[in-house]
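Asker: One letter stands for each residue in the lines below.
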Amino acid sequence: MVHFVIVGLLVVASTLGLGLFLTNAPILPLQASEQAITVDWLFNIHWWLIAFFFSLITVFILYSVFVFRRKRGERGDGKYVSHNDRLEIIWTAIPIGIVLILAVIGASTLADVERRDANALTVDVYASQWVWRFEYTAEVQTEAGETILTAVSTDTLVLPKDRQVLLRMRSADVIHSFWVPEFRIKQDVLPGGDEFVRELRITPNLEGLYKVRCAELCGQLHYAMLADVQVVTPAEFDAWLAENAGDCNLGDEQCGQRWATTYGCTACHSLTGESGVGPTWLGLFGHEVSLSDGSVVTADLEYLHTSIVDPNAQVVQGFQPGIMPQDFAVRLTEEQIQQIIAFIVSLQ
Amino acid sequence: MRFLSTGLVRGLIAQIVGTVVGMALTMAIRVLVGLPVSSTDAALQQHITEVHVVGGVIIGAMAFMVGVGVLDEWLGWARGKPINENIDPDPSKPNWMRYFGVDFDHKVIGVQYGVTSILLLGIGGLMAVLFRTELAQSGITFLNSDIFEIMLGYNSEHLFNTLMSLHGMVMIAGNLLGIGALMNYLVPMMIGANDMAFPRLNSFAFWINVPGALILVSSMFFGGFDTGWVGYPPLSVRAPLGMEMFLIGVYLVGLSSIAGAINVIVTVFTMRAKGMTMFRMPIFVWAALATSIIQFTATQMIGLSFQLVMLERLFGMGFFDATAGGDPILYQHLFWFYSHPAVYVFILPGLGIISELLPVFSRKPLFGYKAVAMSSLGIALIGFFVWAHHMFASGMSPFLRVPFMYATLLVAVPTGVKFFSWVATLWEGKLEFPTPMLFALGSVVIFLLGGVTGPPLGTIATDLHLHDTYFVVGHFHDTMFGGFVFPFFAALYYWFPKLTGRMYNEKLGKWHFWLMWGSFMVLSNGMLLVGLLGMRRRIVDYDPALGFDFTHLLITIAAFAIFLSVVLALYNFIRSARKGPEAKDNVWNSRSPEWHIPSPAPLHNFPEPFEVVGEPYDYGKIDSPYVIMPAASATGHAHAAATGKE
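Protein chains in written order, with the working numbering: chain A, 1 to 348; chain B, 1001 to 1646.
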């Protein structure tokens, strides 16, 4: 009996120590969304359960190791106890109860995390190897005074604070996963079109800079598939959206550069002469290019255009076919393509 | 010179020849049906090469099986030759040759499994050490070395992805072979059988692993692959040729699992000694049975899912391609339907070893034998209803996730029963701590860590944060080290005297334990911590701004220490097998039947069958024998007869 009293006290002490440590130590990222508050609340329940069960078993084992070890010169066997039905029923039934309660809590926190807000801001998320692109719909005034809807495409996810955002996500190639650790929850992004669009709802509640980090292995540059996230005040958000809405009213080269960044071209095609997943753009225009079928062509305007809209038609030697998305003919307007070509031409 | 005439060498030569012939055959078939055999188009040429290589590799694997000689008996029977009833080894050949060719003795096959397992675990471990070196600090600083680029033609990112992916699957193959070793060597001796039910099938089940493992590892030299061990399409449909080697290799190892499992199930059900009811079997046999049931019924699913990926790659059948009417999530369901239960395939035998050893070294009965036995079956059963917990973030039906959460958390109940029973077994015992006991206790603590880190992954909301992070990696390594690696070493030390008749070096064994246990604790807790803080899994480089550099350095140092400790253990085993002091009979004073016959066990384990008259774990009870061993089989007599000193 004395043994049980000592072990009991040790288990209580160890549970308290471990539980307080786990619930107070900085072992989770910053909490930057409403959903994170719910998730972290559930984490705390887990930390206390972990503290208790880990303590229970290890304290018993350590106590046995020190107290019930065979003393020097001691002979014979341990106490003959083969089973105890009542004890075994107890230690099966109580865990079943705990597990069921935990599952009910788990289901209700899930409902909380996925709660829908009718007023949510919709952002379309496009993932492809190895870039993120975000599309907003904005209202703009034309010169004639009409209000029209236009799309704002960007490589930075800008979000207003304290408003739920509904991310509608699709992938152009393989499975990716949208995750901002500070927001906690993640969702895989699937290829396959409308049927496979997946949604994620997040309510950011802390201004700051974060990063989307692709969480599902998606090939060679998976580790570098990041995008900036900026949580700003609603007023700042509206201003940002208005500023970026509408056409690009810069020169062709500057607009081309903007599309090359927002549509992810520069993730694979360097502007510095270094060879990446795709050929560099520096000094490309007007020079000869060896293709994988052995032929040599000159990189003229027509070649550049074909390479953008039908990348598998002429694959440069030493590079893999099929990596570059093949839907730029639909995703970009002809004007945007011409502006990107103008940008490439300028890189001499 | 005699080595060159062993089955292994003949098999390898046949495999090489078979692969070349197979490629030619595939090419010929393509010509006959009017398909091109070469093309100037790079993408098409790549595809044609892939078809030829796959054809060659499959024929090569078959040729290995013919060359090694494992099909001789069946092929002879098919040709109408009488069956050779006497499958004893040829006495004119030296004993060592039995291990390098086809042999039907379950103990030899057990050793074959064990050595191959250790080789694979070593290769997989080496891969881990390589990419852990890369991860020791942020930035890509090691795998971008020119040596790798020259040897394999990979860039650093692809090399990391390949090493990391292969590490996973090579280790899993190593685990499967490891449990194959334990089950083959121990089950017949524990239940009083002289061999497995189907010795020829047993030999087939082992040998198919050899071409399987070779093809799997060879994927390094066929361009590698970058999908992780899970091989999710569409990524696996786009990966280089190495992907095919991975798929075929695992397919063959899976075939071994199925064939081996049938053997264990039939052996356990039909070949037990007189008086050995199901509830009087040594507890490890229950674990082996539960594991075999899973292997026998679930392995088909991973074979099927890999086969579908192969068909999609080779023939353009769009099972997982949405534009062709397929569904990428379908693969994940098929894959995890095996691959979750597979985890229990590795751990159940390990937990069986713990349950087997704790009573011996506590000198007390295994507390609640029946509940422990049933909990293995319980884990096996529930394990079939939890697969979708790997897919909470996958985009599967959101409501279906909830029942899978309930089922997942329920696994804690039978697992808890095991922990409580182990604690009760130790309580008021007379504990001794030789190396096997240290490994058993070490397993319990590590597996406990794996157990308690499970529920946060089981509840969906917290899993949406933890999924695909190092927390999962840490949790998984806890379960694998606690459920397989540590118990496997416990078993190796514990049955080493049985296997060799000699003792291992106790001091080196203890060094091994403390070095490996301590390092593993650092490694796994480090992984859990960075995972919680947001470290994604399967990345070659991480953002230095996250502040993970120091923890990653510790994890890498720990990984090196674990590798070193295993080298220490192998040195101990090899040296002790040759020069160790001769072991006493029944050195651990165990009640289990395998310890009541000579060590090493004679060719036919029990010249005369024994009878079971009591409970297996009645330590501490006077006058309650478990087995009555006839004089012809028992230690003293048989030993004397074997050495000719009677």
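Bear in mind the hints are in silico, worked out from the structure with no lab data behind them.
Backbone N, C-alpha and C fix where the C-beta goes; we use that ideal spot for every residue, glycine too.
Any given hint could turn out to be false.
Stated by the list, open to error - Output of the computed footprint for chain B on chain A, the stretches with three or more beta carbons under 8 Å from beta carbons of chain B: (1) 26-40; (2) 216-223; (3) 296-308; (4) 324-334.
Claimed, not checked - Calculated cross-link-like contacts (lysine to aspartate or glutamate; reagent style EDC-like; alpha-carbon spacing at most 16 Å): (5) B/Lys1370 / A/Asp77; (6) B/Lys1370 / B/Asp1618; (7) A/Lys71 / B/Glu1428; (8) A/Lys211 / B/Glu1428.
Asker: Hint by hint, which ones does this structure get wrong, listed from lowest number up?
Answerer: 3, 4, 5 and 8
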